[in-house]
Amino acid sequence: MSKGVLAIAEQVEGVFRKVTYEALSEGRRIADHLGSELTALVLGADVENISKELKPYGPDRIVVADSPALVEFLTDAYTNVIYDFIHQETPEVIILGASTQGKDVSARLSARLNAPLAMDCVAIRFEDNRLIASRYMYGGKILADVELDGTPKILAFRPNALDITNADGAGTLQNFDVDTGTTALQFIDKRLDTDKKEITEADTVVSGGRGMGGPDFSVIEALAELLDGAVGASRSAVDEGWRPSSDQVGQTGKVVSPNLYIACGISGAIQHFAGMSSSKVVVAINKDPEAPIFAKADYGIEGDLFEIVPLVTEEIRKLKG
Amino acid sequence: MEILVCIKRAPDTSENEIEVNRDGTDIERDDLVYSVNEWDNYAVEEAIQIRDKMGGSVTVVTVGDEDDEEVIRREMAMGADHGILLSDETFKGSDGRGISAILKAEVEKKNYDLILTGAQADDGAGQVGGILAAMLDWPYASLVNFIDVIDDKKIKVGREIAGGNQEMHEIDLPCVLSIQTGINEPRYVGIRGIRKVASLEIPVHTAGDLGIAPESVGESGARTKRLDYFVPELGEGAEILEGSTEEIIDKLLEFLKAKGGIK
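Just so you know, the protein sequences line up as chains D and F, in that order.
For the first sequence, numbering that gives the first Met the number 0 assigns the number 0 to the initial residue and increments by one for each residue that follows.
For the second sequence, numbering that gives the first Met the number 0 assigns the number 0 to the initial residue and increments by one for each residue that follows.
By construction, these hints were calculated from the structure, which means they are not laboratory data.
Do not rely on the hints blindly, as some may be mistaken.
Listed below are the simulated BS3-like cross-link pairs for lysine-lysine, each with C-alpha atoms no more than 30 Å apart in a straight line [unchecked claim]:
(1) LYS17(D) x LYS286(D)
(2) LYS152(F) x LYS189(D)
(3) LYS319(D) x LYS258(F)
(4) LYS2(D) x LYS54(D)
(5) LYS286(D) x LYS256(F)
(6) LYS195(D) x LYS258(F)
(7) LYS319(D) x LYS152(F)
(8) LYS279(D) x LYS54(D)
(9) LYS195(D) x LYS54(D)
(10) LYS17(D) x LYS256(F)
(11) LYS52(F) x LYS108(F)
(12) LYS279(D) x LYS17(D)
(13) LYS319(D) x LYS286(D)
(14) LYS54(D) x LYS286(D)
(15) LYS317(D) x LYS256(F)
(16) LYS317(D) x LYS250(F)
(17) LYS52(F) x LYS155(F)
(18) LYS155(F) x LYS196(D)
(19) LYS196(D) x LYS256(F)
(20) LYS196(D) x LYS52(F)
(21) LYS195(F) x LYS258(F)
(22) LYS258(F) x LYS17(D)
This is chain D alone, in the form it adopts within the complex:
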């Protein structure tokens, strides 16, 4: 008999990613609906200490799989451990963030468990006993509802799609014996630019396009930094070589859903909308009053971004004291 909701936490270098809190908050809501328990599973090396940070988000239990072998994320090792835990606990619903890690793990779990998977979904609902998930397709132009048939149901949520809420839960800590099994992956090294914010998780994204005119993004970097946000770029800015392809927002780049998206000098090709149309508030700054971006924005400013953006930055700085 399947029971309970399992939320899989994600941490990098001992810091929980925002998707963890999102998965726990939604996991709590689902567990309440089902009248069952919420368990958080934390994997890593020396993660027992940070695991209690999850308590305010409502887990009944926090299970810690702690092992030096889990210091770096390796898909097969992580999946083996999670699989063992699922095998033992038989949860009804498994929830995690559709981050780079989460996408790998959820696809692998779906195959191993022969389980239905809603990848990169943005919302779920129950209709009688059916669990239905909604996800974007075709560059965000279509929303599709899918039903998950069978258990365990795996929900991989798009980052920033869920509200984070605090909830009461016992948060009892438990340990889980780790057996990573064999792994055919060997970690070599990691190039980390730790100052850089993950764009899909940022609350604010400030993006520049062709209107930047060159690789100098300092005006939008300053605004992004002040708002504790990330810097994005349109495809043309990436194609010009002004920004790395990992900064690209759009259909063939990242899909972002921040609270606030500021598009600077971006005309708004459909390819770009596909990457930012689920943002909560969109501000567009463009010289061209006919730019298509204005049709998709909430607020538009017709003007020179090199004049407007520094003034906005200065005013916000004053406001923040």
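Given chain D, work out where chain F should sit, using these hints.
Then chain F, alone, in the frame of chain D:
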């Protein structure tokens, strides 16, 4: 090195208006322009480059029907040596697991060293590579943006990870990799190249050829079932802020404060 690249024909959503059909069960497909899923071109280009360096051959494969032959031909015009179409009535309506099961059956017919897929497609969920690898019990790396073949037993790959960072792994062959855009510059395919492969016979493998139980794939095997399609609501367009620069910026800040953009 024997390389298999899994490709897919997808509607070109950036150039097309997409509408939902009358029953809300699919998109209106009649007037759509299709092409190779953009990510797959990077995967095929990478496969060709590895073959040119190491020897061996590149095979492209897709699950679909006769309409999908065009994408196989296109990738063969790019330089792939072989193309295979996996087609059967019972394949229709497969979810990601179904597609992966069909591909797995094809992979097992030959001794491939390396399987590449595009990292995602516009009409998919970016899951087939991972599921296929798990079904084969082969190692897997996603969002690969660098490949260096060490020898015929091991390769070194770079993966894009959060924050635009990269991490490097060594992986034992055979393995499955999902390829991220930007790993290379896919070559241009001219009309002459397409003509050269236009009359090639593309072998078709059916469920029977592959030894696939019909109920395990297609709609009957799907555990993630598509129900309805909607067009998401769009905003009404921007409120253009007017006045002097100072006034515009004041207004903007008021809005941002009210909407929680500035805390």
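Verification of the supplied hints:
Restraint check for LYS17(D) and LYS286(D): not satisfied, since their Cα atoms lie roughly 35 Å apart, outside the 30 Å limit. With a CA separation close to 23 Å, the supplied pair LYS152(F) and LYS189(D) stays within the 30 Å bound. At roughly 16 Å between alpha-carbon atoms, LYS319(D) and LYS258(F) fall within 30 Å of each other, so this suggested pair holds. Proximity of LYS2(D) to LYS54(D) is assessed by CA-CA distance (about 21 Å); at most 30 Å being required, the pair is judged to hold.
For the proposed pair LYS286(D) and LYS256(F), the alpha carbon gap of about 24 Å is at most 30 Å, so the pair holds. For the hint pairing LYS195(D) with LYS258(F), the CA-to-CA distance comes to about 25 Å; that is within 30 Å, so the pair holds. Distance restraint check for LYS319(D) and LYS152(F): the Cα-Cα separation of roughly 57 Å exceeds the 30 Å cut-off, and the hinted pair is therefore not satisfied. Taking the CA atoms of LYS279(D) and LYS54(D), the gap is about 28 Å. The hint holds against a cut of 30 Å.
Note on LYS195(D) and LYS54(D): the hinted pairing holds, with a Cα-Cα distance of about 28 Å set against a maximum of 30 Å. Of the pairs offered as hints, the one joining LYS17(D) and LYS256(F) holds, with about 23 Å between alpha carbons and a cut-off of 30 Å not exceeded. Annotation: proposed proximity of LYS52(F) to LYS108(F) holds, straight-line Cα distance about 25 Å (limit 30 Å). Of the supplied pair hints, the one linking LYS279(D) and LYS17(D) holds, its CA atoms being roughly 17 Å apart against a limit of 30 Å.
Between LYS319(D) and LYS286(D) the CA atoms are separated by roughly 28 Å; this keeps the pair inside 30 Å, and the hint holds. For the given pair, LYS54(D) sits about 49 Å from LYS286(D) by alpha-carbon distance, which is inconsistent with the 30 Å threshold. Taken as a hint, the LYS317(D) and LYS256(F) pair is honoured in the structure, with Cα atoms around 14 Å apart against an allowance of 30 Å. As the CA atoms of LYS317(D) and LYS250(F) are separated by approximately 15 Å, the hinted pair is consistent with the 30 Å bound.
With a C-alpha separation of about 15 Å, the suggested pairing of LYS52(F) with LYS155(F) holds against the 30 Å cut-off. A threshold of 30 Å between alpha carbons decides the hint, and for LYS155(F) with LYS196(D) the separation of about 27 Å falls inside it, so the pair holds. Straight-line distance between C-alpha atoms of LYS196(D) and LYS256(F) comes to about 22 Å, which keeps the hinted pair within the 30 Å bound. Between LYS196(D) and LYS52(F) the alpha-carbon distance is near 37 Å, which puts this suggested pair outside the 30 Å criterion.
About 58 Å separates the Cα atoms of LYS195(F) and LYS258(F), which puts this hinted pair outside 30 Å; it is violated. At most 30 Å may separate the alpha-carbon atoms for a hinted pair to count; LYS258(F) and LYS17(D) meet this at roughly 21 Å.
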